[in-house]
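Chains as they are written, first to last, in this note's numbering: chain A, 112 to 760; chain B, 11 to 666.
This list has only true hints and no planted wrong ones.
Below are the DSBU-like pairs computed for lysine-lysine, each with C-alpha atoms no more than 30 Å apart in a straight line:
| hint | chain 1 | residue 1 | chain 2 | residue 2 |
| --- | --- | --- | --- | --- |
| 1 | A | 539 | A | 377 |
| 2 | A | 611 | B | 565 |
| 3 | B | 246 | A | 450 |
| 4 | A | 216 | B | 139 |
| 5 | B | 508 | A | 597 |
| 6 | A | 198 | B | 531 |
| 7 | A | 618 | B | 91 |
| 8 | A | 187 | A | 235 |
| 9 | B | 91 | B | 246 |
| 10 | A | 743 | B | 508 |
| 11 | B | 301 | A | 260 |
| 12 | B | 302 | A | 234 |
| 13 | A | 227 | B | 327 |
| 14 | A | 553 | B | 508 |
| 15 | B | 327 | A | 260 |
Simulated from the structure, these hints should not be mistaken for lab results.
Here is what each chain is made of, one letter per residue.
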Amino acid sequence: MPLLPEGCLKRNGMAQIQPFMKTLSWFFFLLPVYVVGQNNYAASLIDPTLLENANAVIRLQKMDFYVKQPGEAVKKETLVVTLLNDKSRYNELRLFYDSFNKIKKVGGKIYDAQGKLVREVEKKEIQDMSAISNFSIYEDNRIRYVEVKYSEYPYTVEFEYEMNYNDLFGYPDWDIQPYNVSVEQSEHFISLPEGMKLLYKPLNTEIEPMMSSAGGRTIYYWSARQVPAIKYEPYSPPAAEILPSVLISPETFEVENYTGSMATWKEFGRFMNKLSEGRDVLSPAMRSTVAELTKNVSTDREKIEKLYRYLQENMRYVSVQLGLGGWQPFDANYVEQNKYGDCKALSNFMKAMLKEAGIKAWPVLIYSGDLYYDISEDFATNAFNHVIIYVPSENLWLECTSSTAPPNYLSSSCTNRNVLLITEDGGKIDRTPNYSTEGNFKRTRANVELEPSGAAAVGVEVERKGSKQEWYRYAARQYSSEEFNKKFQEYSPLPGFNLKELRLDVKKDIPEVGVHFLADVPAYASRAGKRLFVPLNKVNPFTSVPQADEHRLHPVEVRDGYSETDNLAIKIPEGYKVESMPGEPVSLATPYGTYYLKVWEEDGYIKVDRNLEVMPVRLAAEEYGAWRDFYKSVSLAEGTTLVLVEKKT
Amino acid sequence: MHFPSLFSLAMCLFSAAIYGQKQPMKFGKIPAEDLAMTVYSLDTSAAAVVLCDYGEITFEDTRTKGLGINFYRHKRIKLLKPSGFHEGDISISFYDKDRTEYVKGLKAVVTAPNGTETEVSKKDFFEEKVNDYWSRIRFTCPNLQAGAVIEYSYEIVSDRIFALPDWYFQEDIPVRWSEIRMGIPEWFNYVFLSEGGPFKISEQATENKQMNISGTGFPVKLTTYRFAEENLPALKKEPYITTMDDYYKSLRMQLSSVRYPNTPPQEVMSTWPEVAKQLLQSHEFGEQFQKKRFYDKAWKAVEADLSGLTATEKADKIYQFVCVNLQAEDGWGKWVRESLNDCFEKKSGRRNELNLLLIALMQEAGIEAHPVLVSTRDHGKMFDLYPFLDQFNHVLALAVPDGKPVLMDAGNPFRPLGYPGEYALNGAGWVVDKDNPQWISINPPSGSETYFLKMELATDGSLSGTVSMSSDGYSAVDEREQLHGSDDGGPLKKRLMKRFPDARVDSLSYSNEEELTKPLKAVATCHLANMATVNGDFIYMAPALLGSFQENPFKLEKREYPVDFPHPFKERVILQVAVPEGYAVEELPEPINLSLPNEGGSFKFQMEQQGMGIQLVSTVQINQLHHSPEEYIGLRNFFDQVAEKMGEQLVLKRIP
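One chain only, chain A, in its complex shape (with noise of 0.2 Å):
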């Protein structure tokens, strides 16, 4: 569920850099001379080693990235990969581009099994599209979209391109394979003006590039053969740590007349302050509204959230990203006139509030969304696609695009990660909070009043915190009721019920949410002859246990914890007694979780008190079966059915 716009600053598929610059083997050779060579694409001729776990074999992916001068450059990439199956997604091609990086040439082949050329792909084949995201309003970002059909695997495609740069924000890195994707050959080629530099990281590789220069250029270049695929597993760590790949980044780049450098996070936290240079100047009618807003305010936290909830209620968030790559902020009168803006514009308009307050705050910039890389203090590179606040004197966080969010409230698609703080004297590494197992907090009490007809009238009282509450803050604002009672139905573990009322406490500054319900469940329990067959935990059951797996490759993470408290009371019919039901508590205390369940009989009622506490985890692939005997112990636990039969008379 989107509580957070994700991804709201542009990224282009380009990153990076070192701040150290290690010594090469220098490599000195002429111009390197394409080893290519190979035009026989027969898919008989792929080493068996590459088919295990692909999906598709990069036969030659060939990059030559030709830096002219910091702001310009010339991309040209040959792609030619065999498709095994249809779950590779090899066959189109997608090219990104706005005003200031241009498509220059595009085409593409077909080879069939026997690598025979089948046609070659037509120029009207080749859309052109506008490539705006669901959540933005107006980007100027264009696509050119080509998909091609075969009908027969194994096949092959060949795409080329060439694409011209205006906007250097940085340079490609060389990801030598996604999951399930094997390579026979890839060649990485990033050629310099002689004196400019190139920074980069290896990420799981050896690998290193050769050097030359000459005519006044210098070339790096990195080379990999015969890679096996590495298989994709649930539960892994973000990818950058699975996956070989190399980030780079250019020492010095240019983007409309802004010159920036990534040699250390600093200096790229420097390019970012030129680029709101100036833009947080309030109007007079604004400064004398943060006056108005924080007199007779005396600490500094209650002027932040008076602040904050301003521009929850007056700001509305939309995506606007143009010009300067996405990464220009509005300034603050925009904001101001127009009653909205994007993450970076509500940002800066939050941070000249706060300034025009007397309080200091620093943009952050950020990962929002299931992570790929977590960034690192080594090597700066342009990993973010998000934007929020950071007061230092009060140690808080501000998301600026929520108007629901409390104040030094991060959801968890931004928690638990690095970031980089741009302060006054450049950027900074830091890294968000993490919520505990008890932040992420969720006690349901539920009443169950059992008829011997196997309908029951139920209420419950849950308090949900943190990330359990997320959601329902985010629906309390955005449906009516009787959409919400809708998803309520829709999404409840109970069967099919008749709601009798449904309550939402959203408690407004802290990330806390009470649901209150009362419904009634026509067939709670399932009703056989004498007998009444009642589940254990119809309220919140637990039944995701992960997929079995005897042959686990990576290490196992586990990223957020929860905890959850449920008591039940189950009430036993008239005429009724407990036949069958778990007679000694269950408990397990594991390093992956713990779990208690405890089931008695007390005036009348099934009494049911459960704990589960689910622990974040970083484990070794061996430890994979243990972890997932936690949560299959715990879900057969909560399976038990309890057995009620009618008295004898």
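Position chain B against the provided structure of chain A, taking the given hints into account.
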């Protein structure tokens, strides 16, 4: 088959002078009570409401091809809650190919509840090309707050007189007033097609006018129309429907004939037989499968394989040939873009092109075959009263080998003959046959899934034995797709592992994988731990181990729209369990036999003791595809009872 109604002009139009009437609103003149409104009284939960939506179509001389139309639109929206603010993101699409249409006079103003106005500045209107045909102007309204009123107006100048702009009275937010007016010169005849009509206001009048075309004045008689609706509730999308456009109240107008001064009338849309004739003569359609030079390369490739076969065998062979050799491209259409030979050579084409190739090859092989035009489920309903070609977006092939008609839809190698894609199952189709063009009902075959489990129950609560699965019809299409290229044991293993995390599958095999006309079969030997609860002297077990209806797919209390299943289906679970030694049956779930009205569906659940074993036979069957909102509650109850039965357990007791 449910068709929308054709507007009967004679019956429900009231005569009135239209153009003398004043427009329902004036730009910038927002009544104080609308500005002050904080809650929409007819729907207090509404986050936004369309106060008024007004359209006006006039014929005028456009700069390009003489007579065209001007479509004026003026809309006013009241924002009530922040969740409605996205109504301030506005997009205006127009057909930009060859500048057929363009937008002029766009203005937009946001008025705050205190009356302060903010006009959207011209630089915040962004025009962009969507694809080769369409462009759009997008803008986002500034200064939004609860209580604000958004107002905008524009004109689209268009050469497209064959179809006037569609008018949707209804939206996913409430609409207080929606009105369209038009003045149509006597030279044009339009057919009006309505959904949800007749409308609250339907008026008609005539007036005389002087019209300038290319500098020459013509006296012309105009027929003016006015249609309006009031207080329409919001319509929100629900699952299991075809498309929302089928449910909004709307009006569509299509040119049927033209009669310019001093020329004989010219039928544009005339009759179904006429349309069939034209289609069959057109280069992008009929010629493709009637002129050999457009498909001869494909014919050469298949011809030799057909000798000595019966017509039925030939049809089957040709179908296989097309499915194996050509891959389906995305996108819908009726027309052939290049030629059928071109598709054959590049080994791919849109599904309609593949099906026209089927027709070409069938006919060449001496088998009667015709195209069948259809509208896919997400493209909306079809209507039979007037030959609107725009309603169709796909073509199926109908062949009649040995006198037995069969529908074909190539593009998926797992679908046998007679199984159009589920997307195309929309009730009906129109056969383009020169001599006998006609509507046919498309009554799809069903899908069926049977699980057969033969297990032994052990006193530790585990089950071991064999699980077999047999899928037929549409179910087999899905299962074969899942099985294809899967390296994790295919659909049966996946299902077992998902349902029973403790399952151990010892052997697994599939049969009839390639024989599409036979059921796909799978059999697994497995050990399922912790399937029964053993407590004291009792063993309890829920016998409905597999199947899709453990939960009711319909959880909502009521529905606004019908439920539409694409095809009938049947799911059967047969379980034979051997009772462990030393135990006897204490109690079994009672049998049940449920039916939906008019044999729309049934559920049979029968459990009995057989010697030392127990047998369960459970069958869920749905025959009726269309279930009205009134029938919904019955459908929901039906599946509730199925789910409840699936939760019942059998009880075994140790023999003392």
